[in-house]
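Undergrad: Spelled out from the first residue to the last, the chains are:
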Amino acid sequence: MTTDINPLVIFFASILTSNMILSNFLGMCSYISISGEYKTASSLGKSVTLVMVFTTVLNYWVYKLVIVPLGLEYLQYILFIMIIAASVQIIEMAMDRLLPDLHVKLGIFLPLITVNCAILGTTLFMVIRDYNFVQSILFGLGSGLGWWLAISALAAIREKMAKTKLPRGLEGPGIAFIITGIMALAFIGFSGIFTIT
Amino acid sequence: MEILTTVLSVTVISVFLALIIIVAEYFFNNYGECEIDINNGDKKLKVEGGSSLLSTLSGQKIFIPSACGGKATCGLCKLQVLEGAGPLLPTEEPYLSQDERKNNYRLACQVKIKNNIRIMIPEELFNIKEYITTIESIEQLTHDIKGFRLKLPAGESVSFKAGQYMQFHTKPYAKIKESVYRAYSIANVPSDNEAIELIIRQVPDGICTTYAHTQLSEGDQVKISGPYGDFFLRGDCSEIVMIAGGSGMAPIRSIILYVLEKGIDIKMNFFFGAVTKKDLYYLEYFHDLAERHDNFRFIPALSKPAPEDNWEGEVGLITEVVERYVNDGSDMEGYLCGSPGMINACINVLDKKGIPEAKVYYDKF
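Heads up: the protein sequence lines correspond to chains A and B, in order. The opening residue of the first sequence carries number 139 in the working numbering; numbering runs sequentially from there. The opening residue of the second sequence carries number 558 in the working numbering; numbering runs sequentially from there.
Hints in this document: simulated from the structure, not taken from any laboratory. There's no promise every hint is true.
Ranges of calculated distance between the beta carbons of each label pair, as one might list FRET restraints [claimed, not checked]:
id, chain 1, residue 1, chain 2, residue 2, range
1, A, Pro238, B, Asn596, 25 to 31 Å
2, A, Val253, B, Ser571, 16 to 22 Å
3, B, Glu914, A, Ile316, 44 to 50 Å
Derived pair list, reagent style SDA-like, types lysine to any residue, alpha-carbon separation capped at 20 Å [claimed, not checked]:
id, chain 1, residue 1, chain 2, residue 2
4, B, Lys671, A, Leu250
5, B, Lys671, A, Gly259
6, B, Lys671, A, Ile228
7, A, Lys243, B, Gly911
8, A, Lys177, B, Lys671
9, B, Lys628, A, Lys202
10, A, Lys177, B, Glu650
11, A, Lys184, B, Thr648
12, B, Lys819, B, Ser748
13, B, Lys628, A, Lys184
14, A, Lys202, B, Glu650
15, A, Lys243, B, Arg658
16, A, Lys243, B, Thr648
17, B, Lys628, A, Cys255
18, A, Lys202, B, Cys794
19, B, Lys671, A, Met231
Over 12 Å on every C-beta distance to chain B, these chain A residues come out as not near it, computed from the model [claimed, not checked]:
id, residue
20, Phe150
21, Leu213
22, Met231
23, Ala232
24, Leu244
25, Glu309
Just so it is clear, CB atoms sit at the ideal spot from N, CA and C, and this is done for glycine as well.
Can you build the whole structure from these sequences, using the hints too?
TA: If you want it as C-alpha cells, here you go:
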C-alpha cells in the first residue's frame, strides 16, 4: 500500500524522479510559453507551487468528506476543477490585499494557473495513489517545487540560448521541446534514488 | 434519486464556492471610498475603490482611449499617475519607454484603485464626453453627401479645436444587429459649441454612412462622443495650404471659419478637388468668403469635368493644381483631409514645394 511510503520520500520523488513536467509531461502549455525569461518563469513556478499546495489540501478534504461519502467519484473531475478555479480567485484577491509586493510579481500568472493541468494532475495522482493527509501536502509541495525547478532550468537555458543562431524551424517552442526532452533524459538519472508509483 | 443527489451536491458546492468568493471579495476587495485627483486639483472624484483606473474613469464619464478593452494589449490608455498607483506591473512594461517610466506613466487599465490617487489627464482627453444629440437639420449637399447638424442637449456644450473629429454611434438597423461607431470630422466653427456639424458621404455598403443617409431624419436622436484627434491648426507660419476631397472638406471648413472669426493673420489657400461638378458643394459659400476676406483663397478643381458642367475653373488632379499655385513653401504648413491615396500624393507635392512632411498635418479616411 502506498500509505506506508515515508512522506519525505514522496516529497523528493515528486521533485526529481516523478517530476510533473519531466516525467509526467503535465502543465506543458505554460511551461513552454512562459519560459522565455528566467525572472517571469521563476515567478510562475512559485505561483504554481503555492496553488498546488493549497488546492491539494483543499481537494483532499473535499474528496474525503464530500466525494467519497456521497459516492460522487464520477463527478470528481468537475468538482476538483471548480475548487481549483475558486481557490485561485480567492488566493489572488487575498494576495492583492495582504501581500501586494508578491501580488505584483505573481499576480498576473495566477489566473493562468487555473487551467494548468499539472495542478489537476497532482490532485488526481493523490486520489489514485490514496495518499494520506501528510503525504498529500508533501506531494503537492514537491510537485510544485519540481515544476518550478523544471521551468526555471528551461528558462535559464533559453535565456543563455537567446543569442545563439538556430535553424529557423526550431526557433522558440521547437527548441524548447528538444531541450525538455534532453532534460527529461537527464532526470532519468535520478530514478534509482527513490521510486513512487 | 442518484440524479437528485448529484444535482443537489454540485449545486450546493457551487453555491458554497460562490459564497466564499463573494465574502472574500467583500473583505479583500473592499477599499472603501477613494479620491481621484485629476490635473492637480482641477477635478476631484469620489469613487469606490477596487476596480481599474480605466473602468473607474469611464464610469465617471471620463473616456480614455483604449482599443483592447483593458487587457494591456494595446497600450493606448497611458496616463501619468503621480501618486497612489503602486509598483509597475510586468504587464505594463512592454508599453512604457524609459522616459515614460521616469515620468510615472502607467497603463490605466492595469492600475487598480486601492487608495487616494493623483493623476494627470491631457486636456484633450478630459474634454471627451458622450452626448445624446438631436438632429436639427439635414442638408443634401451633393448626390451622395449629406450635411448633418446635431444639436447638443440644452445647457451642454462641447469644446473642440477646429479640425478635430467626433465618433458617431449607430443603432442596430435592418440586417445590422450591432451598434457601431465611426469617426467624422467636425465642420462647424468651435465657437458654435452647442451643435456639431458633420459631413457624411454615403459609401456603398458602409454600415455607418448608410445608416446616416437612410435611417436618420430631422428630430432623431444620435449618440456622439468626442472630440478626438490631433488634426488641428498649428498656425506656426504665415501661410497654409489646405487640400480636401469629397467629405474631407469638413475639418478644413472648421479651420477656415476659425481663422476668419478670430482674425488670425495667416494666409489660407483651400484646394478642393472633385471629379465632376455634381461632386462639388459649398461653392458659393466659399467663393463668397474669399471675396470678403483678403487672406483666403478658394480654388476648386475638377479632374474630369463633364461637358454639361460648363466648368471654367481649374481642371486636373488636385496635386497638379496645387503644383501650379504653390511656389515657395518654406514658411507654410499643409493641412490635408481625404483618401490615403490623395494624401500621400499631396505630401509628395508639398515636399517638392518646400513644406517638409513634419509640417504637413492630415486626416486619412
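Undergrad: Beyond 12 Å from chain B, beta-carbon-wise, is Leu244 of chain A?
TA: With a cut-off of 12 Å, Leu244 of chain A comes too close to chain B, as the shortest Cβ separation is near 10 Å.
Undergrad: Take a quick look at whether Lys671 of chain B and Ile228 of chain A sit within 20 Å of each other, Cα to Cα.
TA: With Cα atoms ~17 Å apart, Lys671 of chain B and Ile228 of chain A stay inside 20 Å; holds.
Undergrad: Please settle this one: Met231 of chain A was flagged as non-interface, so is its CB more than 12 Å from every CB on chain B?
TA: The claim is violated: Met231 of chain A sits with its nearest Cβ about 4 Å from chain B, within 12 Å.
Undergrad: CA of Lys202 of chain A to CA of Cys794 of chain B, is that 20 Å or under?
TA: violated, 81 Å
Undergrad: For a C-alpha distance cap of 20 Å, please report whether Lys177 of chain A and Glu650 of chain B respect it.
TA: holds, 14 Å
Undergrad: Against the 20 Å threshold, does the CA-CA distance of Lys177 of chain A and Lys671 of chain B hold or violate the hint?
TA: Since the Cα atoms of Lys177 of chain A and Lys671 of chain B sit roughly 26 Å apart, the hinted pair is violated (cutoff 20 Å).
Undergrad: Decide if the proposed pair is consistent with the structure: Lys819 of chain B and Ser748 of chain B, CA atoms, cutoff 20 Å inclusive.
TA: holds, 10 Å
Undergrad: Per the hint of 16 to 22 Å, is the separation of the Cβ atoms of Val253 of chain A and Ser571 of chain B within bounds?
TA: holds, 18 Å
Undergrad: Against the 20 Å threshold, does the CA-CA distance of Lys671 of chain B and Met231 of chain A hold or violate the hint?
TA: With a Cα-Cα distance of about 12 Å, the restraint between Lys671 of chain B and Met231 of chain A holds, given a limit of 20 Å.
Undergrad: If we take the beta carbon of Phe150 of chain A, is the closest beta carbon in chain B still more than 12 Å away?
TA: It holds; Phe150 of chain A is separated from chain B by about 32 Å at its closest Cβ, greater than 12 Å.
Undergrad: Does the alpha-carbon distance linking Lys628 of chain B and Cys255 of chain A stay inside the 20 Å limit?
TA: violated, 24 Å
Undergrad: Going straight from one Cα to the other, do Lys671 of chain B and Leu250 of chain A come out at no more than 20 Å?
TA: violated, 23 Å
In this structure, the hints that do not hold are numbers 4, 5, 7, 8, 9, 13, 14, 17, 18, 21, 22, 23, 24, in rising order.
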